[in-house]
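Residue numbers (my numbering), protein chains in the order written: chain P, 533 to 606; chain Z, 67 to 573.
Any given hint could turn out to be false.
Unchecked claim - Cross-link-like lysine to any residue pairs, in silico, SDA-like; alpha carbons within 20 Å at most:
1. K605/P with L435/Z
2. K553/P with L504/Z
3. K553/P with V415/Z
Claimed, not checked - Now the in silico label distances, taken between C-beta atoms and shown as ranges:
4. E524/Z with G577/P: 42 to 48 Å
5. G577/P with K133/Z: 38 to 44 Å
6. G425/Z with E583/P: 37 to 43 Å
To be verified - Which chain Z residues stay away from chain P? Per the calculated CB distances, all over 10 Å, these:
7. R310
8. R314
9. D343
10. D473
11. M480
12. Q553
13. S560
14. L565
No wet-lab data here; the hints were simulated from the structure. Built from N, CA and C at the ideal position, the CB exists for glycine as well.
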Amino acid sequence: MTEPLVSSDMEIEDLVLKFPKSVRFLTRNGIRCIRCGEPLWCTLGELLEEENVEDPQALIHKLNNFLREQERKR
Amino acid sequence: MKSILKELKLKDGNIGACAGPDDWYEDPKARAADSINPTSGDPIAKVIQTTEKTYDQVLETAAKAFKTWRMTPAPKRGLIIRDLREAVQEKKEVLGDLVTLEMGKIRPEGHGEVQEMIDICDFALGLSRQLYGLTMHSERPAHRMYEQWHPLGAVGVVTAFNFPVAVWSWNAAIAAACGDTTVWKPSSDTPLTAIAVQHIANQVMGDHGLKGIFNLVVGRGSVVGDRMINDSRLPLISFTGSTRMGRRVSEAVARRFGRTILELGGNNAIIVTEDADLEMAVRTILFGAVGTAGQRCTSTRRIIMHKSIASELTNRILRAYQQVRIGDPLEDGVLMGPLVTESAVEDMVAALEKAQEQGGEILKGGKRLPDLGERFVEPTIVKMPRQTEIVHIETFAPILYLMEYDDFEEAIRMHNEVPQGLSSSVFTTDLLKSEKFLSHEGSDCGIANVNIGTSGAEIGGAFGGEKETGGGRESGSDAWKAYMRRQTNTINWSKELPLAQGIKFGE
Numbered sequence: 533m534t535e536p537l538v539s540s541d542m543e544i545e546d547l548v549l550k551f552p553k554s555v556r557f558l559t560r561n562g563i564r565c566i567r568c569g570e571p572l573w574c575t576l577g578e579l580l581e582e583e584n585v586e587d588p589q590a591l592i593h594k595l596n597n598f599l600r601e602q603e604r605k606r
Numbered sequence: 067m068k069s070i071l072k073e074l075k076l077k078d079g080n081i082g083a084c085a086g087p088d089d090w091y092e093d094p095k096a097r098a099a100d101s102i103n104p105t106s107g108d109p110i111a112k113v114i115q116t117t118e119k120t121y122d123q124v125l126e127t128a129a130k131a132f133k134t135w136r137m138t139p140a141p142k143r144g145l146i147i148r149d150l151r152e153a154v155q156e157k158k159e160v161l162g163d164l165v166t167l168e169m170g171k172i173r174p175e176g177h178g179e180v181q182e183m184i185d186i187c188d189f190a191l192g193l194s195r196q197l198y199g200l201t202m203h204s205e206r207p208a209h210r211m212y213e214q215w216h217p218l219g220a221v222g223v224v225t226a227f228n229f230p231v232a233v234w235s236w237n238a239a240i241a242a243a244c245g246d247t248t249v250w251k252p253s254s255d256t257p258l259t260a261i262a263v264q265h266i267a268n269q270v271m272g273d274h275g276l277k278g279i280f281n282l283v284v285g286r287g288s289v290v291g292d293r294m295i296n297d298s299r300l301p302l303i304s305f306t307g308s309t310r311m312g313r314r315v316s317e318a319v320a321r322r323f324g325r326t327i328l329e330l331g332g333n334n335a336i337i338v339t340e341d342a343d344l345e346m347a348v349r350t351i352l353f354g355a356v357g358t359a360g361q362r363c364t365s366t367r368r369i370i371m372h373k374s375i376a377s378e379l380t381n382r383i384l385r386a387y388q389q390v391r392i393g394d395p396l397e398d399g400v401l402m403g404p405l406v407t408e409s410a411v412e413d414m415v416a417a418l419e420k421a422q423e424q425g426g427e428i429l430k431g432g433k434r435l436p437d438l439g440e441r442f443v444e445p446t447i448v449k450m451p452r453q454t455e456i457v458h459i460e461t462f463a464p465i466l467y468l469m470e471y472d473d474f475e476e477a478i479r480m481h482n483e484v485p486q487g488l489s490s491s492v493f494t495t496d497l498l499k500s501e502k503f504l505s506h507e508g509s510d511c512g513i514a515n516v517n518i519g520t521s522g523a524e525i526g527g528a529f530g531g532e533k534e535t536g537g538g539r540e541s542g543s544d545a546w547k548a549y550m551r552r553q554t555n556t557i558n559w560s561k562e563l564p565l566a567q568g569i570k571f572g573e
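The following block holds chain Z by itself, in its conformation from the complex:
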């Protein structure tokens, strides 16, 4: 553990407010909080929390840096992102290990998350030469109309514990290409990973004589988070977290006419039709439901299966769950680590109690594993007689609800019945069913897949969902537009002054 911390410049005590290599801000009044290893329950290191004073220092630096960063040509900004990519690549293994150590996902997933940082930097580098606006034909003679995209400002980025580095990079790399600076509040459960990333970003900023492009404010949601959402110096808040918190963020930011990108809860289902390739479906379900211990926004939480294959699919899933080795996520061969906190375990236990009250039958799992540690649980499969209240709720834990359907219309209805709308999937070999699932009357989610699961999105597509998932889009495709302001320009190169719509006014 010590070697991981040392290689990432982490100490026993770390400052949580930073705007550049020489801009770590410390307030003697600040309190320190421990970062806890979820596997052992032991503290890893301390982090000094951001106070009102150090928050303002960071914000001032970020706002000042924006003024010069926005005037740096976008392709030049791209080159700095390329350097960030190289710096992350150099630390890929150790940073991935830290993700595993602090958050509890298994090592291949920790490393995969860092790869996602590298991928989005590649995307942002290309994007820096493709911030295209449209040209329109004016209705007036000798006039030209076009639109251009301007940088927006300092962007507030609030991330969750489950993807402690990737979600930052989705936002920070794209925002940097767009000419924005970012101010990052990571989850209070994963502050060390954030500080490690800040050290890497500082190295890149330092190499280019920059500061204030990538900024960090570690602290409580009720302190730092609330300050950010009410701060008009942050014209955009990108928030990843729960629907409940997203509503609060959305209301606060809207009150000051700011913008939000909301990536909120999911309740993701896979429909398995009677003609599906069950072997493929089972492998996908296992990864979707058990991967990251069911703590992904895109984790598979519901299986809606045709009644004719329900028994066989259930048996196959049960067999697949037997191969899941639970333990220290840093160990080779372990497929599931701990939940992030003891309260997450309590949340899972409470959900299972409710599921049983509502007619659910636990087919596998459902127990804590105290011999492994306070935060270890068995991945759990619950057969539900119908889609009851608890199934409509997202529980951030490895609980998989199994339900049956008679006809495909019913399956889609059940699928869309929940309030969330993030990710979805159908396993079928029937072209008509797959097309229906992807059609206007099919899945109502932001992500809809055929014969691949609900989790494990690539960075190239826009990531996000509908309904209570918040409607925001991050990462690839044209998600960059949310980080810029659109300006429509009309240029008159004639010696006349015609008005639009042919209006005559005076001479």
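Only chain P is shown next, with the shape it has when bound in the complex:
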């Protein structure tokens, strides 16, 4: 099994620094993690909970797939 690139306990500050493309993926899914050009002070899991995402783990799984796909394209 492939090690996930991101997980729910990852700080948003780390997420956007290491994987800027995640910003676009999350926005497409109705989640904004960059505001006023600055990342939010919380973990990905906390953000998804605050945004009432029904199945956070499923979204994180999709995000990992998306990021892997982006890495393959590079």
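Given chain P, put chain Z in place with the hints provided.
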């Protein structure tokens, strides 16, 4: 680049926690983070992050310094601010260059930001002799009532990347005049600028045998920022950032009955009426929308234009955008530099996708400029059929939405429809329209202008906005009152003891 760093006492590795010239605090457990040049994407230098231990060291020094600073007469405090002004003036050019290097705004804007530091120091020096309280006539004979303003304590200042030095100075200079100390958490994207400012402040503190007046804690929001907002040693938190984060700050500080000054998101519009001077309007719109690559809280994001002039104004704006030279912000003639991070670029791209889904038509721009670097984008003009969901959201990027209106009432309604309420403007030669815009039923923003744009505020006025912008005021006018505590005093100089409201109680 090396000469800029050297002149500002910056090294390859820099400590991020400081309370004075001999009080740089280092924790062997601390991790280091790179500061990145947004133009090249290359690291500039490293900054050792503040840890729990070094945070506490800074806070202890700041709290201790407050006890003596508050008893220093305000006009004497003003003289130290005057020295800070002189020290900043001496480094104006190089500090402005560092702002450009680390944040990406063009050189004239970087230098202008440092000028703003100088201006607010001038203001604070004058203020130090004008911390006035009122005297009231007592309802009781031979009694005197008055109010006085006391220093508050150590003030937490959290600033954003887009004004990496000016917003600190708005807070630190005013707080210092008021007898407060400040603990500053700068943006993680602009830590070197903050350390350079700390060196300048240290020089001034050192000259006066002081420490702990101006303090620095560089670190993550989720580490240092969260600690600050929950720290009861900081009775006031001045926070500049997003509405989302402002809500979190506000809730945390309110839980401990602390105070906040919130300067949050904006979604600033210019209404252009049918009788407006379009030449002036276009120049203003260009600066407001493209200046600082659309990364000001007060950037112009929406144009609400009368349908009779919409076509002509649109064409003029499009022509004006053609003159925008994009490139290295340190180069002369460049009008727009990069966005601050790659994630900011992604945020812009995502917003443009949404705008198109919602019926928007990109009239100009909309593309990345990879030949210039990962963080360069074209300034973008989007014609919107109406004020859709994406237009209600602040995207921190050079996106300008164009919309039309039929009558002025509709224009004001559209203007006020968004949740933010920072800055606003009307371009008109009609006195009645300008007065209506400034009236109780006009703009609902903290800043409302006529025939000048939404961005580029002077320090003399109170800066801030309403609704989701947070309601805080910084900088000039009477914003200083937020940095002090008001005390009402009643003195009885009679030999009687009359009670208020004529109440008789016992003999």
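So, going through the hints one by one against the coordinates:
About 19 Å separates the Cα atoms of K605/P and L435/Z, which keeps this hinted pair within 20 Å; it holds. Distance check on the hinted pair: K553/P and L504/Z sit about 42 Å apart at the alpha-carbon level, beyond 20 Å; violated. A hinted pair counts as satisfied when its Cα atoms are at most 20 Å apart, and K553/P with V415/Z qualifies at roughly 10 Å. Judged by the Cβ atoms, the range 42 to 48 Å given for E524/Z and G577/P holds: they are separated by roughly 44 Å.
Take G577/P and K133/Z: their Cβ atoms lie about 42 Å apart, and the range 38 to 44 Å holds. Range check, G425/Z to E583/P: about 25 Å between beta-carbon atoms, so the 37 to 43 Å window is missed. The beta carbon of R310/Z is not kept farther than 10 Å from every beta carbon of chain P, the shortest such distance being approximately 5 Å. For R314/Z, the shortest C-beta to C-beta distance to chain P comes to about 7 Å, within the 10 Å cut-off, and the non-interface label is violated.
The Cβ of D343/Z sits about 32 Å from the closest Cβ of chain P, beyond the 10 Å cut-off, so the non-interface label holds. The non-interface label for D473/Z is consistent with chain P: the shortest C-beta to C-beta separation is roughly 33 Å, beyond 10 Å. No Cβ of chain P comes within 10 Å of the Cβ of M480/Z; the nearest lies about 23 Å off, and the non-interface call holds. Against the 10 Å criterion, Q553/Z stays outside the reach of chain P, whose nearest CB is about 35 Å from its own CB.
With a closest Cβ-Cβ approach of about 56 Å to chain P, S560/Z is found to remain outside the 10 Å limit, as its non-interface label requires. Here L565/Z stays apart from chain P, with its beta-carbon at least about 51 Å from theirs, past the 10 Å limit.
Going through the hint list in order, the structure does not satisfy hints 2, 6, 7, 8.
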